[in-house]
Amino acid sequence: MQSSSLLSPGTAARAARSFVRLVATGQFSELRRVITAKLNGGSGLPAEPDRPAVSDADAARLADYQKAISGLSSQVGRLDIEYGEMAKQFDDRYSLSCYRRDATEPYYKYIEVRQNMTLWRNRSLIDYIQNRSSFDPPDHERMTPETRATFASSPIRSTFERHNPARYQPGATVTLTDEHIDAILAAIGPQGQGLTAWQRFFTERTSFHGQRNDPIVPMLSARARPGVDVLCYGSIIPYIECLCLQKGANPVTMSSLLRYTTGRIQSLDPAMAEQSGKRFDVIVASLAIGRSALGLFSDRIDSDGDVAALSLLRRLLRPDGRLLVTVYTGPAALLYNAQRIYDEAGLARLFKGWRILEESRREAPMFPIPAPEDKKIPGYHALLAGFMLAPEVA
Amino acid sequence: MNTLIPPNRAATPEEAGFQQKLSDLLRELREKQERNAALARQLADRQKETDENTELYKRNVLFAEVLTHDQEQQAALTLILQNIAYGQPEACPTPPQEMPPDLVAAYTMNGRVAVTDRWVNDTYPRNYPLIYTDSEIEYFHRRIAENSTYMYGGLDLLIRRAFEKYPLAGKRVVNIGSLSPWFEATLLRYGALPTTLDYNTIVARTSRVKCMTVAELGTDPEKFDAALSISSYEHDGLGAYGDPLDPDGDFKAMQKLKRLVKPGGLLFLNVSIGAERLEWNRARIYGKFRLPSFLRGWTWVDAFGFNEMFWEGQFDGEPVMVLRNDD
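Chains as they are written, first to last, in our numbering: chain Y, 127 to 520; chain Z, 1280 to 1606.
Worth flagging that the hints you see were computed from the coordinates, not collected in a lab.
Predicted model, so just to flag it, every value in this text is computed and none were measured.
Hints may contain errors.
With a cut-off of at most 25 Å between alpha-carbon atoms, the simulated PhoX-like pairs for lysine-lysine come out as follows [as the list claims (entries may be wrong)]:
id : chain 1 : residue 1 : chain 2 : residue 2
1  : Y       : Lys193    : Z       : Lys1300
2  : Z       : Lys1567   : Z       : Lys1450
3  : Z       : Lys1535   : Y       : Lys193
4  : Y       : Lys214    : Z       : Lys1567
Under 10 Å between C-beta atoms, here's a sample of chain Z residues computed to sit facing chain Y [to be verified]:
id : residue
5  : Glu1293
6  : Leu1308
7  : Lys1311
8  : Gln1312
9  : Ala1343
10 : Glu1344
11 : Leu1346
12 : Ile1363
13 : Ala1364
14 : Asp1413
15 : Thr1428
16 : Trp1461
17 : Val1482
18 : Val1493
19 : Leu1496
Each residue gets a CB set at the ideal place from its N, CA and C atoms; glycine is no exception.
All chains should be built: construct the whole structure from the sequences, respecting the hints.
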């Protein structure tokens, strides 16, 4: 495409551009070459495309440049593709984990938070009723390194901690009246007539599903008779006490939480229990052993608190008395600050000095929604285990 | 690349152009390598999280099995405590089990919205208020400082990202619908001044949170700088909380909220996004069809955790949408 006329518009423009470039870059030798070529009769302009004639070395050099540029460009392109793929992966995972980040399965997370929320409601209500400020030093929220070390040396192998578990404040008590006892009785048995609005509300909203499935209930029913003294250890609500009332037995609650204005159920201060001289035919500790000394009730955290609680109960038992205990069995674990889960070795440690007379294990009920079967991990779930024990004679 | 230029002369313009191009490309390459490495690190963290989740999963299965039993007793104790504190409950009628036949067309938008059955009764007596305390707020602050989440899991992380991008320090923010002071504590943590707005009374035993009922708002309420509504409006008009049945309860609530937020004020909104349906009477799940009507009158500003996969309906998403009140 060599132009025949110096003055054709394209050629003139090219010449002007070449000239400016050559001057601007100070390459006067090139300018001299162009002018000389012109004087010799040629156009003196570089061949198309718009570039000066180059030596073989220069051409090779320019080719190298282009190779380097296209190499880098494709590297950048690959990085872009890689980024796009990673971003999609990231977004997909983020979306998936939006609900599931904490538990993979939201239902389990929900249960835990639900319980935390309920504990806070109860605490705030107790503070409101007792008209005290809700100031709370953040003790017990986390295990301290010392308490963790204590549990590490106990037979409970794995420790599962919750984020800052909620708990009842020191000195928190609830004083129950006949209205509350009657409501629980109505919820257990055939619903009575003449219930108050609150009692109807209570029976509608409470199923006692877990309590009905407690494996020691049949053992208790067989032994609770009029005149039998039953001690209930660590109750949160007096469900077992009310079962005893139905059978005509005499229930006594030993709990830091519960007090009564009614004479139908007695309460016994754990600190004064031994001195009181009271002894019992049946002692029931439904799930209370597993959660003792974990700080849920602002009690002192102690890895051997469960064994200590059983030895206290032993001292309160009449010589021919029976101890009914429900614990969770499964992989040995401490669910701070809610419960301990015992494996066989843990049970052996716990029941040292006791004879097991009767034993009953069943699935831990999950309600209102049962655990999805496909979500269960083999070996990783808890069974409710009920035991009837008698002290071994030394 | 200077090695390509002979030492005895300056670069030709063409060479200079190539050099410029090369150095731009190199810079771009380095930037993109860094960007990819950062994302790869985040991905690895997330993988670690997933691995930890397996442990968390085991832990939570155990917790759930153990805690359901405990939870039932604690919840029964709540009812006893409410009786001691507040006396006899006011009547709270059970929400309707079935969708009234004359409202089916309106609820389903003439059959466009599928209906599934997930009936719940979340009513509670008007005179049994929740109590919010400083102690609980402090406790939540400690959890938030640990980057811990609460009832809605990962949604809490999205809310924190939204509050970091759109600062609320010193602003009056109304939180719509509340069952615990968790979101109020989150707002306080980001320097906002929270007001809780709920149908039911809440006793605030703290000076940091102001609690109001919808009835207390009156006809000409003072406007707020911003609003937060987490998992609230999708329940409106379904009766699960004892509210009157209204197929357009969610639309109306969004329009009412416009009168509560200053012009230009932001709304941080979460509803479930997924395959279009109505889970009677628990909640609406917003699909492509109902969401635009729901957001009408609000200007879309941003979203966190929003993904187009949600529309495909394999699972529901819980994004945080940031909307502006533009008129």
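Of the hints stated earlier, which fail here? 2, 3, 18 and 19
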